[in-house]
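Build the full structure now, drawing on both the sequences and the hints.
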Amino acid sequence: MKTLMKNKRKAVKKDKAKKDVIAYRRSCSVEGTGLSHYILMDRKTR
Amino acid sequence: MALTQQICDNNGIIASRGNFVNTGTGPTLQPIDIGHPEYISLIDPDTAFWLLVKRNRLAEALTDKGLMKAYRKKAKEFADEMDNLRFFQRPSAVYFNPTERCNLNCSYCYIPEEMRRDGSHMTENSLLDALSRLKSYFSQTLPQGSVPQIVFHGAEPLLNRDAVFAGIDQFKNDFRFGVQTNSTLLDDKAVEFLISRDVSIGISLDAPTAAIADRTRKNWEGEGVYKKSIEAMERLKGYPNWSVICTITSENMRHLTKVVEFFHEKEAPTCLLNILRCTLQPSRKVRPDDAAAARHFLSALDRSYELYQETGRKLPVANFANILLAIIAPTARRLMCDISPCGGGRCFFALAPNGDLFPCSEFIGLPAFNGGNIFNNDIGDVLTSDAFKMVTGRKVEDVEPCKRCAIRHFCGSPCPAEAHEMNGGMDKIGGFCEFYEEQARYAFRLIADGKEEAYLWDGWDKDTKTTFNLKL
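Keeping their order, the protein sequence lines are chains A and B. Under this note's numbering, read the first sequence as residues 1 to 46, first letter to last. Under this note's numbering, read the second sequence as residues 1 to 472, first letter to last.
Check each hint, because a few of them may be wrong.
Looking from chain B toward chain A, a few residues come up when the C-beta cut is under 7 Å (computed) [as the list claims (entries may be wrong)]: (1) Leu52; (2) Lys54; (3) Tyr305.
Treat the hints as calculated values from the structure; they're not laboratory data. In this text, a Cβ means the ideal position worked out from N, Cα and C, and glycines have one as well.
This is the structure we're talking about:
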């Protein structure tokens, strides 16, 4: 059986179909300061 | 401090090549039923790494060398990321209580009643002195260009409005300011002042009707303040930096979908649907059932999604958005209650009107957690006091059953104040478990269906980068 990794090319062709495996992660500098009694998410400017 | 298991290198001794999942130094991946018809989740609890795998491909995924190799390459980086998030942050926010008093007597308040009824205001001079000391402290501890946050909090901060507004004006270049208020004193003049200075405003409202909202939020005469909250929401309409908190209790949990509809109709930019904190005895009278609260909460999330589809306008439920972020971008989380150790005493701390310092507002009224006084002690010493260490040292790895739970870094086993006061120790769980467990499962279902962006505020991923991406 071909491995899941080897099937990647084939999977790309059926991009809109549901994937067999989904995994992703994003990263940034830590800026969280929130206490759940208050919200200060990303400040928008008027 | 590296609490997380590293895959390969243990003081230069390699115990195994780590080729196999869940043995030797191989990756630990726990399979979790997320309640999705097609997908199951695999989670490495220590690194907060996850995969969603089609149910009929699970065995193949667990034995796929390429897949495991891809993760092993990143495992140490993710472990270090979690360690940095959990153990190497410095405070950059203060929850500043400018008065002990409140004009309301809400059923679940975590500030002791006698304090709210008969307490004192901080004088304007003391408030300005405290802000000056905080400015000096942060100038030594935060990187250049980083602006700390001051959130005037309560009790009801606007009872001491003149002092608060003087502080905002005098230190407008030194802090980002916010005010969390019960909204009863948010008259035209106050709103104009705060908006003109770009101050973030949080208000509280627990239901879309007076009949329900007034059960828990009322003044000392027992009269509800629903009408005042609605007036404030009308005044704030169009201002992007306001939000509304609904506290989930036994009294309102059945109405959470209506709450979301109401907040959306009022054009609230963001909301929090916070589960009640049971830190003090009086709040436990309106404690919601854990599983029922989770069920109603998820229905409300469903409704927020439908409203977005119908109108094109989002109403992010920020506490859920934070758990979603904990999964897809752990370091991008904003709220620090659902990480362990929690943010109390390490990302933020709370200042009482007499200058006493606590790890979090939740501890005000609990003398054992008083780490010192801003007018008498060095803030750095307070942060390392035994009182603060009780909170900053509480790790999910020391809590049963959290130490075995795969989602322990998406939930964080909140809240230490509640665990200590209600359940008898820092090594105990808080008041709610399924509420968080079900949110994590729901979040994974959204990811499986590609819907997660609908639950996050626009631009959340600004300044983030992709560190792993596998869609096979």
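Okay, the hints, checked on the actual structure:
1. Leu52: holds (4 Å)
2. Lys54: holds (5 Å)
3. Tyr305: violated (18 Å)
The structure is inconsistent with hint 3 alone, although it conforms to all the rest.
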